[in-house]
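These protein sequence lines are chains A and B, in that order.
Under UniProt numbering, the residue at position 34 of the first sequence is numbered 34, and the numbers go up by one with no gaps.
Under UniProt numbering, the residue at position 3 of the second sequence is numbered 3, and the numbers go up by one with no gaps.
A couple of the hints might just be wrong.
Since copy identity is lost for identical chains, a pair holds within one copy or between any two.
[To be verified] Below, computed lysine-lysine pairings styled on DSS-like, alpha-carbon distance capped at 27 Å: (1) K125 / K42; (2) K55 / K158; (3) K71 / K27; (4) K158 / K68.
Keep in mind the hints are simulated off the structure, nothing from the lab.
None of these values were measured; they are calculated from a predicted model.
Protein chains: 2
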Amino acid sequence: MTERNDLWLQDLLRLAEEDGGGVKTEKQARILEAAIEIFAEKGYAAASTSEIASKAGVAEGTIFRHYKTKKDLLLSIAGPIAVKLAAPFLMRDFAKMLEQPHERVEDLFRTIAKDRFQFARQHMKLLRILIHEVPFQPELLTQVRELFENHVYRRMEKAILHFQAQGQLIDAPPWRVLRSAISLVVGMILTHLLLLPDESIDEDEEIDRTIDILMYGIAGRSE
Amino acid sequence: MTERNDLWLQDLLRLAEEDGGGVKTEKQARILEAAIEIFAEKGYAAASTSEIASKAGVAEGTIFRHYKTKKDLLLSIAGPIAVKLAAPFLMRDFAKMLEQPHERVEDLFRTIAKDRFQFARQHMKLLRILIHEVPFQPELLTQVRELFENHVYRRMEKAILHFQAQGQLIDAPPWRVLRSAISLVVGMILTHLLLLPDESIDEDEEIDRTIDILMYGIAGRSE
DNA sequence: CCATAAAATGAGTGATTACTCACTCCTATC
DNA sequence: GATAGGAGTGAGTAATCACTCATTTTATGG
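Using the sequences and the accompanying hints, generate a full structural model.
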């Protein structure tokens, strides 16, 4: 288990330093680009390697020089994006950020929400592929699971317990608090980037009001 | 547009009266059962008609006697489940329920949440197929879209405006209020039925606490 | 018990699939 | 300018795909 964690951290470091990791030749980059486009558009199973090759302007054999199998190509796309998605929770700064005693919890949620919204906008195609293929690729599923449990949840639970002790959060199980936060933020992001991508919104305003609802609910404030 | 709506309502009526609609022969039922199993397990594109036939204990040609194409088989599974999912919002009782002036809004949300949780538990395989294939099947997408916009959203917006006028709900755009409710409830349902199906919970308790958070948020109550 | 039709069959169809491999091309090193 | 090796190629392969159709089995009614 520790070995695998170390591998992921190495992946993360590689990703943080140089985007694209081991991509060297120009054709390889074109293959990745075309594969992302087609996987996102019609799904992994319905995408053919011949179509990817022709879209990339490359012979079909070239794909298999760089990626052993079609699934290998998928995993080299979906794996890294899962790590990137969780990246803020893996950084040292984040651990420190959680322990600043004076910070208000809603500012923390707001900061994370804005950061991940921006990330989702920049990598929506990749996230589509990840969301779509995680249920069918066991390797992906376990990677995402462990990433969430061992890094995201572990740290957020600590933060929630801390803010509960301060009286800033209700005395509910941390997982329910976290699930509520994730549900509202993910619901907002998916609505604006996937379901209604054409409706223009004031993004910051939308995030602020969503965090307001997370904190204080939808009940009338009159009383 | 009106014609299509009428078609859907007919579908709904058929579904409400007799489950399974036009299923007549026993073999046809076996085909549907096997197709649901395999579509849910490996996805539509990765499922082969030969595998479905063998699982159903039927010759491959028999499938195409009842369903013109493989996509036809998918749509005959995913279409009806979309209608069933929205069914409570299409019923007359529901319209009346929304207009009872004495009702508290959180009771309304609680009732809907419990009902749809039960529905989701009973039909999780079908919902998996629906969720997975909607992005790739334009017919499905438009059907789900119009179903939501013309029935679910239209009615819920009316209800929300009503409760806002009573001061029971915050003065936010109805779509944001509805999206928050859906996000929290769907997040809870997917968590317990898809992500962590093995963890046993007190379902009613879980729904009640989730609706509490929807109404009053996660902020501490101390002050 | 036969006649008729619907239901079911499964071998067969051409198209497409992921993947291989013998080969060419390009660049760098001495 | 000879050599080596990785990058790229594309025709070829066996397997599988969704779908067809001539034929057989089953069900129905007189």
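Evaluated hints:
{"no.": "1", "hint": "K125 / K42", "result": "both (11 Å within a copy, 21 Å between copies)"}
{"no.": "2", "hint": "K55 / K158", "result": "neither (47 Å within a copy, 48 Å between copies)"}
{"no.": "3", "hint": "K71 / K27", "result": "within (19 Å within a copy, 35 Å between copies)"}
{"no.": "4", "hint": "K158 / K68", "result": "neither (41 Å within a copy, 56 Å between copies)"}
Comparing the model with each numbered hint stated earlier shows that hints 2 and 4 do not hold.
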